[in-house]
Amino acid sequence: MKGKIGVFICECGPNIAEKVDVDKIVDEAAALPGVAFVAKHKLLCSEDGKKFLKEQIEEHGLTRLVIAACSPKAHESTFMKVCEEAKCNSHLFQMANIREHCAWIVENKEAATEKAIRYVKAAWRRVGYHEPLAKKEIAVNPDVLVIGGGITGIEASLLLAHADRKVYLIEKSDALGGKVNEFEKIFKNMENTADMLAGKISDVEKNSAIEVFTNSSIEEVVGFLGNFTVTVNKKGERTEIRTGTIVVATGYDSFDPLKAPKYGYGKVDNIYTGREFEVLNKSGKIVGKDGKTPQSVAIINCVGREEMGYCSGVCCLSSIKFARYIKEKLPETEVVNFYREMTLPDKGYQKFFEDTQEKGVNFIRVKSVTVDNSDKGPMITWQNDNGDEHRNVDMVILSAAMTAVNDAETIADMLKISRDETGFFLEEHQKLAPVSTATEGVFIAGCAQGPKNIKESLVQAGAVAGRILSLLIPGKKLEPEVRTSYISEAYCIGCRMCLEVCNYGAICFDALKHVSVVNEIICRGCGNCVGSCPSGAVQTKQFKDIQIHQEVVEVLR
Amino acid sequence: MEEYKPKIIGFLCNWCTYTGADLAGTSRMKYPPNIRIIRLMCSGSVNMTYVIKALLDGADGVLIGGCHPGDCHYESGNYKARRRVAILKKILNKLGYDEDRVWLRWISASEGKLFAETVTQMVDELKKKGPAPIENF
Amino acid sequence: MMPQVITIKKSAEEGIKEFCKVLLQSKKVAGVLALTRKNRSAYYSLVTDPAKMDETTPLAPVMPANAATLLSRLTWEEGPPQPIAAVVRPCEERAFIERIKLQQGTFKNLYIISMTCGGVFPLKLLAQGEIENNLPQYYASLNKAETVENIRDVCKGCVHFIPCNADFTIDMLGRNNDSECAMVVNTDRGEELIKGIEYSIEKRDTPLLRGHEDKKMKGLIEHREKVGEQFYGEYHFGEPGMAGLSSALYKCVGCHSCSRACPICYCNLCNFNSEQHDTRFSKFASQLRKSGSVRVPPDTMLFHIGRLNHVSISCVGCGMCEDVCPVNIPLGTLFSEISKALQSIFDYVSGKNPDEDIPVSTFEEEELTQVQ
Amino acid sequence: MKGGILNPDNGFEAAVKNFLKDVMEKADIDALLLPFKNAVGDSFEWRLVTADKLAEASVVPPVIAVNGARALSSITRSGKSAMKIAALMRPCEARAAIELSKLNQCDLEPVVLISMDCPGAMPLQDYIADPEKVEKEFEHAAREWNNELIRPICRMCDIFTCTESTWCDADIHVALPETENNAVAFISNTDKGREVLEKVGIGREEELGDWQKKMNARIEERKAARKKAREELKQHVTGLNSLSDTFGSCINCQVCRSVCPVCYCRQCLFNSVKVHYAPDDYLLQAESKGTMKFTPDTLLFQTGRMTHMSVSCVGCGACEDCCPMDIKVAQIFSIAADETQKLFDYIPGKRDAPPPLRVYNEQELKEYET
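Protein chains in written order, with this note's numbering: chain F, 4 to 560; chain B, 95 to 231; chain Y, 385 to 756; chain P, 5 to 374.
None of these hints come from the bench; they were simulated from the model.
Computed from a predicted structure; not experimentally measured.
For each residue, glycine too, the CB sits at the ideal point set by N, CA and C.
Any given hint might turn out to be false.
[To be verified] Derived lysine to aspartate or glutamate pairs resembling EDC-like cross-links, with alpha carbons at most 16 Å apart:
#: 1; chain 1: Y; residue 1: K674; chain 2: P; residue 2: D34
#: 2; chain 1: F; residue 1: K547; chain 2: Y; residue 2: E659
#: 3; chain 1: Y; residue 1: K508; chain 2: P; residue 2: D130
#: 4; chain 1: P; residue 1: K297; chain 2: Y; residue 2: D438
#: 5; chain 1: Y; residue 1: K411; chain 2: P; residue 2: E291
#: 6; chain 1: P; residue 1: K293; chain 2: Y; residue 2: D438
#: 7; chain 1: F; residue 1: K516; chain 2: Y; residue 2: E462
#: 8; chain 1: Y; residue 1: K422; chain 2: P; residue 2: D249
#: 9; chain 1: P; residue 1: K238; chain 2: P; residue 2: D249
#: 10; chain 1: Y; residue 1: K674; chain 2: P; residue 2: D56
[Said to hold, decoys possible] Label-pair distances were calculated between CB atoms; the ranges are:
#: 11; chain 1: B; residue 1: S204; chain 2: F; residue 2: E110; range: 22 to 32 Å
#: 12; chain 1: F; residue 1: D167; chain 2: P; residue 2: S276; range: 48 to 58 Å
#: 13; chain 1: F; residue 1: N522; chain 2: Y; residue 2: K422; range: 32 to 42 Å
#: 14; chain 1: P; residue 1: A43; chain 2: F; residue 2: L435; range: 31 to 41 Å
#: 15; chain 1: F; residue 1: H63; chain 2: B; residue 2: E96; range: 32 to 42 Å
[What the hints assert, rightly or not] Simulated coverage check for chain F against chain B, where a stretch passes if three residues somewhere in it have a Cβ under 8 Å from a Cβ of chain B:
#: 16; stretch: 97–105
#: 17; stretch: 117–131
#: 18; stretch: 382–394
#: 19; stretch: 530–540
#: 20; stretch: 543–557
Bound conformation, chain F alone (with noise of 0.2 Å):
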């Protein structure tokens, strides 16, 4: 056994020392090999405790140190603090959990003290094949990479610039405001868009943290969390750009009535998609592709839903606010509104659709629509109840689903990022971690994360935003997990498995040599390599094969 251990062992108040036969296990604890020193105390976290942690490293020049306390996720840190402070090596440790594993789930103090002895010896037997671990620290670069300059994307740049934070902002089209551009007043108070827009866009572009690059795309991303560098091509010419951080908030594509036939689109003369729409209400005149003024239109929600298999929740509202345009402009004009539910979440949205009604626009909730050419322009048939049911409009305008956009796949590909089954972007997890993803350092944010409302998309902006300034702070340097997978070159042949089992593109393939290597500042150090990997060529370190066997073995006597 390398080394003097020392095993201390906590009483933790009464909560051990009441439960566990504290002396027995000091008494186990001193006869085993290579135990230099062992001791038993009141409250090993409290500062009384520490300090005496600390001297008693020193005093018996201790090299590796078995802890029999609380739960690791309890202590683990307070300790392996101390043990740098006594200049002993913090990953030289192993904690023994014979509080909330032990003490606390036995009645009979006969049986807790021998499981407690049980856990006591397997860390002694494990910390005897555990390595130093060097701290790693590496210098970051705290600057931001914001791929899409639409409403989240203009958000998100603003708040980080506001903290002193450089940010590129990459906008694809010639001009920022995204999909918001097109509409001319947004629900639920029909604001003028302009106003809210405009405010923001000026904003960025007296902002001289904030670096806008329009009609451009990224076309590379390398690196990690800190130290991304990114290629962005504007218009043939490339630039390289270094980025601690990148924000995906690439926004939405609608759904393509093409692919639903019933809805008539492109076949029927005077339909539009809701975007269409948008852009014809926006130029002032609210007219038929004949140039004549509906008397009756006709908007149809759900366009996509089947097909896509989720609702976007936001359609709802935009027909609504489709047919106020059409009142504010055409008060004479028939408004039908053909919807199956509708989604109303949220405080506000019921007065918005109940004032829509008593502006004289007619809510038809039916099971299908179609769409069809005749004499007397399009023709709407619908189902309910009671049957089919047919009138003709003058205009069909059809609120579609916001699909995810069509470059999503080359940009998940770029970004090593997943997307869901409905092809938006995969959050790392969808209740603790929204707006993060698989890769460290890559943020969603807005209708990229799958469809949602302007509101809805700027607090995302927001958590972003803050996400992003306290995970990177400048100057302070970043302490990747120092707990991760590494690969012997002797044994390993090269089959990839484990790359295929990463989830965060950590361990890449060295052709030259025909092994796989991990990126250890990558590696979170989850193991799944270790699980798959037949040769045991990948190790975790602290989780080392040979040292969970000797913790099995010793459990098991």
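Guided by the hints, dock chains B, Y and P onto chain F, whose structure is given.
Positioned in the frame of chain F, the structure of chains B, Y and P alone reads:
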């Protein structure tokens, strides 16, 4: 003759089941002391060799605890674990070793109660089965 | 695609040699990997000179090594610079496909010639120079599409005797190939390869190669299914407490020959030979205290169960392990039967479909929920 | 040669077991490493046991299933042994163990190595095929010192005992003086051995009578057999071509290597990607003759292995026992080994002689310079 105490090795995911076990402790739930817990970062890091070794070294049962589907701290470690366990169990079964001595369970950090119940249940099951009839050489 | 058939007025073996010669002469391929058997010795040869094809015996019913391992080396890593043809048995081809999935080879510039397989004789028979005497009855049973006597046990229980991905296949089972043989072109790349070769090539839309649905083949498959299980039963594998396994493994000398001969065991250094598995003295000591008696060297069980766990998902049941075992442990039966059962839960057949992932390298969210 | 003589009333085996029992009690040995018949009786295995298991041990098993040196190495290789072990094995196994200790693969410090007069061993595969039959044959062979029945490699083994002319360097050697009352003699070769004999109260200075003559006679027999075998094999195994014929049927399974007690590498060089070429290299190679054996490494492996281990080869025959193609590996290797060992007057398994490849002498081997 003293009563038979089955030995269980628990390979528990640090983020869910292990924390669940902690919770069982902090909420002072009582369950049999038979389980010996080995802390790992993810159920997906459980190399089946560990399990085989544990069984051969005298464990009467092995419990592998991971996060519920969709909740894996590392995205999908639990699904990979499930495949490996399936394979191992099938093999054990074909070899005439009672595969039901190896348990895979999804227990979250908040399910201390479930953990305690699982262990209690496993111990009962194993007591019914008696010592694992396995020859290690 | 309408299957093409190359008919050659020669016995099957001569036919294949002829065909390979033509491929070499017409520079369609730069080399041919084929078996060569000289009385007591058998080995694969890499032939580049057409004339040297005569020395080979591509259909010799022996397997000195599973060719998959050799093909890995021949196609390492981007494949050979010029095309190569290899005459291999279905289980060798399947093993190679598994190895491809494990990044240990590629089909690039490689053409597979295979046959509906009658199985191979154990190496012992070869070492004793007994192959010659057994050939007549071998071909006799083959013509009747029956299982040959004294072939490897695994062959007797093998149901994958029809190649799935070979570019060319000679139908051997239930057909007399003494004077004329027919080679079916199964793939587009195969067809591509033989373009411009003047040979009596007929096209026919009814495949000449008997598939799994053929009545005779069905019968043989069903029969063999039973035989395999029967062997498994005879060795009492599957008896409670691994009794069968232990009694079979006591005599294991720990040479790990099985793993080296296995075409699926592709590791550089086997985990169970690595220092991760060195038994510390303390372990011996504690075992000794426990039971007063420890077998040395240890970990025999661990090795075999561990290997099962590693390879059985890809095992093709070629039987090399059993054949090289110096103490005749029925490993072939053990592994092939277990892998059959195992692969069925993923409805996966090792080496059948090159585009299918090995189940351990992927997962599905909605599966195996019973395991929880 | 002198030693201590016991006159057991119930035979060799019992005598040795009693001796071992004494050793455990009086020479504070904690464990024994001995061969046992396995649970189903189809082969033998090594077991590390306490005194109470001694009865079931088989002192001279008819076969060498696993070379004792490998067993001893696997116990003592990793982690200092906290207990003292007495190990009883055949001379070739004991010598292999000493070789391994020189190569740091085996720690003999806590071990009392005991060897015994070896009548030879039977072919492993024969035994597995029919234990009873081979068991009988072995009894006969052991009683009569009948060379016909035992393995070819044993027939030409001349280090099967411990006399002045040829010896085994185990701490203690158990000799079998063939007097009427078939007494058993214990010869100590090392201080450790002497100490142990002292503790168990066995004298060391008794004359061993005509045992020595008999053994010397047998040694001569074996030497002759060896010479003959060498001549015969010379016919086959000279020059690479004939060597390739000899190993023609080798399928490169490398079992010979993995059962070899002195082939201690974790990963054999000849089984690693280090000996793999690019495909085009193979094609080029093939083109030179129009065809080539594939895999090409068979000969490389055999000859390479020879260069690696032949100076340490003790001729235990494990390789031949396990060869699936019935190649005379052991015979060929041990003949070749004679030559390489002669170069340095090295006898593997002799204590304190450093392995030739670890040392050099400026004045030696001049003849190879020109």
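*Would you say the C-beta atoms of F:D167 and P:S276 sit inside 48 to 58 Å of each other?*
For P:S276 against F:D167, whose Cβ atoms are near 56 Å apart, the range 48 to 58 Å holds.
_Range agreement (Cβ of F:L435 with Cβ of P:A43, hint 31 to 41 Å)_ = 54 Å, violated
*Has the stretch 382–394 of chain F got at least three residues whose CB is nearer than 8 Å to a CB belonging to chain B?*
violated (count 0)
*Counting residues of the stretch 543–557 of chain F that have a beta-carbon nearer than 8 Å to any beta-carbon of chain B, does the count reach 3?*
Since three or more residues must qualify, the claim that chain B covers the stretch 543–557 of chain F holds, with 8 doing so at under 8 Å.
*asked:* Can you confirm whether the C-alpha distance between P:K297 and Y:D438 stays at or below 16 Å?
replied: With a Cα-Cα distance of about 14 Å, the restraint between P:K297 and Y:D438 holds, given a limit of 16 Å.
*Please work out if P:K293 and Y:D438 have their alpha carbons no farther apart than 16 Å.*
At roughly 14 Å apart (the allowed maximum being 16 Å), Y:D438 and P:K293 satisfy the hint.
*asked:* What's the verdict on Y:K508 and P:D130, does the C-alpha distance respect the 16 Å limit or exceed it?
replied: 13 Å, holds
*Verify the coverage statement for the stretch 97–105 of chain F against chain B, using a C-beta to C-beta distance below 8 Å and requiring 3 or more qualifying residues.*
Per the Cβ count (5), the hint holds.
*Do the alpha carbons of F:K547 and Y:E659 lie within 16 Å of each other, as the hint requires?*
11 Å, holds
_For the stretch 530–540 of chain F, count the residues whose Cβ lies under 8 Å from any Cβ of chain B; is that count three or more?_
n = 7 at 8 Å, threshold three: holds.
*Using the C-beta atoms of F:H63 and B:E96, is the stated range 32 to 42 Å upheld?*
39 Å, holds
*B:S204 and F:E110, beta-carbon distance inside 22 to 32 Å?*
Roughly 24 Å apart at Cβ, these two residues keep to the hinted range, so it holds.
Of the numbered hints given earlier, the model fails hints 13, 14, 18; all others are met.
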